[in-house]
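Novice: Chain residues, written in single-letter form:
There are 2 protein chains.
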Amino acid sequence: MSVHYERIALIGLGLIASSMHWAIKRGNLGAHVVGYARSAETRDVAREIGLCDTVVDSLAEVVRNADLVVLAMPIGAMEDVARNIAPHLKPGATVTDVGSVKRAVIEAVAPHIPDGVHFIPGHPLAGTEHSGPRSGFAELFDNRWCLLVPDESTDPDALGRLTEFWEALGAHVDVMDPDHHDLVLAVTSHAPHLIAYTMVGVADDLRRVTDSEVIKYSAAGFRDFTRIAASDPTMWRDVFLTNKDATLEILGRFTEELFALQRAIRTGDGEHLFDYFTRTRAIRRGIIEAGQDTAAPDFGRGGSKG
Amino acid sequence: MSVHYERIALIGLGLIASSMHWAIKRGNLGAHVVGYARSAETRDVAREIGLCDTVVDSLAEVVRNADLVVLAMPIGAMEDVARNIAPHLKPGATVTDVGSVKRAVIEAVAPHIPDGVHFIPGHPLAGTEHSGPRSGFAELFDNRWCLLVPDESTDPDALGRLTEFWEALGAHVDVMDPDHHDLVLAVTSHAPHLIAYTMVGVADDLRRVTDSEVIKYSAAGFRDFTRIAASDPTMWRDVFLTNKDATLEILGRFTEELFALQRAIRTGDGEHLFDYFTRTRAIRRGIIEAGQDTAAPDFGRGGSKG
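Protein chains in written order, with my numbering: chain E, 294 to 599; chain H, 294 to 599.
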């Protein structure tokens, strides 16, 4: 079946785009993949490691004749890129993105998309704490969710084609409303990342516990936080600036609950603590049952983008 | 060299004690391991799976003639156990523990230890989110730190022997002062665990994001939190109740930093966010360089006890 795209343009050659390239090749989709990154150094690395069939040096070139255009740069750069590619987009092409926030991407990109080009925002829920053109691998999307955010005007054929494309990369696809997407991600990804960043920053600031002690003895919970907090700073800055309201709301709730637990510690209310911890344990079991992680002692993936 | 213990008593047959048993057997230490757990069900499981050479039904029996006695139950139960084993301890034996807090354990246990018995508190920095007699495995302590907390009266030979024992289980051993231990662990383990518990609780409470959505789309940062927050509720209740001051101090610092980041989000101060995230990323690199984790995309261990 030849529903796939013949020519695919990847703009921004970081973890997600490079993984898409390797997954396209693994899946034998038959597409010619053209890549572009703003940084000449990134383009050189891509050429060196065989990332993309062709690496070009301008936005106009990368989108020329492309059937699918993937915006895979930090959200803050998307409006500018959308404005610059708009005159060069092929009629009937599909433009999508992989940004972690959807309302802000729609506001930045949609106004620039010409008539006759399909814009279908997307967000693959997959990642590691690594970034850059060397960080990608073909398995990144396997059994992960990719959320697509069409609206009532979206062409059903274009949506079906993009859905099959992501499935061919190994992902499961769901459709979601942009505002609900941004709230769900604030809970499952954005607030947790800010919290992990904060905790790692606190450890770094402390004077009585040395850096080397923090590093040496971090086998426990803290190590998981440092992994989350090692994710790409530019990407995450843009996530928080563009999903401001939902993230701040969840953080407000978080602070409220944290104060209640702190009070329980201070007053020695062991029952409150025990009940709370028992409840959270059940959520973990649900995640394992839903197949999004494994109960094996030696599991683990570098899941930190979101 | 026969510096090891001939008879080892494990009291409390959860993750740590069961892993110690398997590591003792893997290391061919030649010791006879006797086990006891308060719950008859746990003792039955231990007998069924061959955990411990002998499983006995009372505290008096388990410590009889033991050269090493390991207290491996939640901290809140230690004083009672110490009081009950005291009359039955072999002269010259060593009593140690594996609790995550050291000052409180010393206060609970030391007064009951008779003259002629060595009490050397300990804390292996290793764990998973699993608990119970079936959760142990021989590799748990490999390349992990075990912190021992002797005082000025500790017999050097007894300390040397316990050190060699933990090294034979795969661990590296460091010696630390109890109050410093409790502060370091508050930073690297106790506060991160409370924060993870809180975030998971917030997600569970939200009404507009369903439980199934939280579970389904948790591939991102949240999944790491749920793993931490799945740890044993009794153990963690006791950790927070017994390391109250250090944990509350770190949480106070955490809240202060979190508020500063929230303000940066609210005011759109991208530079503050970017600088903060860049700094935390460097800490992660330090941990990888220190050999406490790996940079590979598919790493991961279940490190959540502490």
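Keep in mind that the hints were calculated from the coordinates and are not lab data.
Honestly, I wouldn't trust all of these hints.
Because identical chains cannot be distinguished in the list, a pair is counted as satisfied if it fits within a single copy or across any two copies.
No more than 30 angstroms apart at the CA atoms, straight line, and that leaves these computed lysine-lysine pairs for DSSO-like [said to hold, decoys possible]: (1) Lys383 to Lys537; (2) Lys509 to Lys537; (3) Lys318 to Lys537; (4) Lys509 to Lys383; (5) Lys318 to Lys509.
Novice: Hint by hint, say whether it matches the structure.
Specialist: Each hint tested on the structure:
For the homomeric pair Lys383 and Lys537, neither the shortest alpha-carbon distance inside one copy (34 angstroms) nor that between copies (63 angstroms) is at most 30 angstroms. Taking the shortest Cα distances, Lys509 and Lys537 sit within 30 angstroms of each other only across copies (23 angstroms), while inside one copy they are farther apart (35 angstroms). For a Cα distance limit of 30 angstroms, the shortest separation of Lys318 from Lys537 qualifies neither inside one copy, at 37 angstroms, nor across copies, at 54 angstroms. Taking the shortest Cα distances, Lys509 and Lys383 never come within 30 angstroms of each other, neither inside one copy (54 angstroms) nor across copies (36 angstroms).
For the homomeric pair Lys318 and Lys509, the shortest alpha-carbon distance between copies (28 angstroms) is at most 30 angstroms, but the shortest distance inside one copy (40 angstroms) is not.
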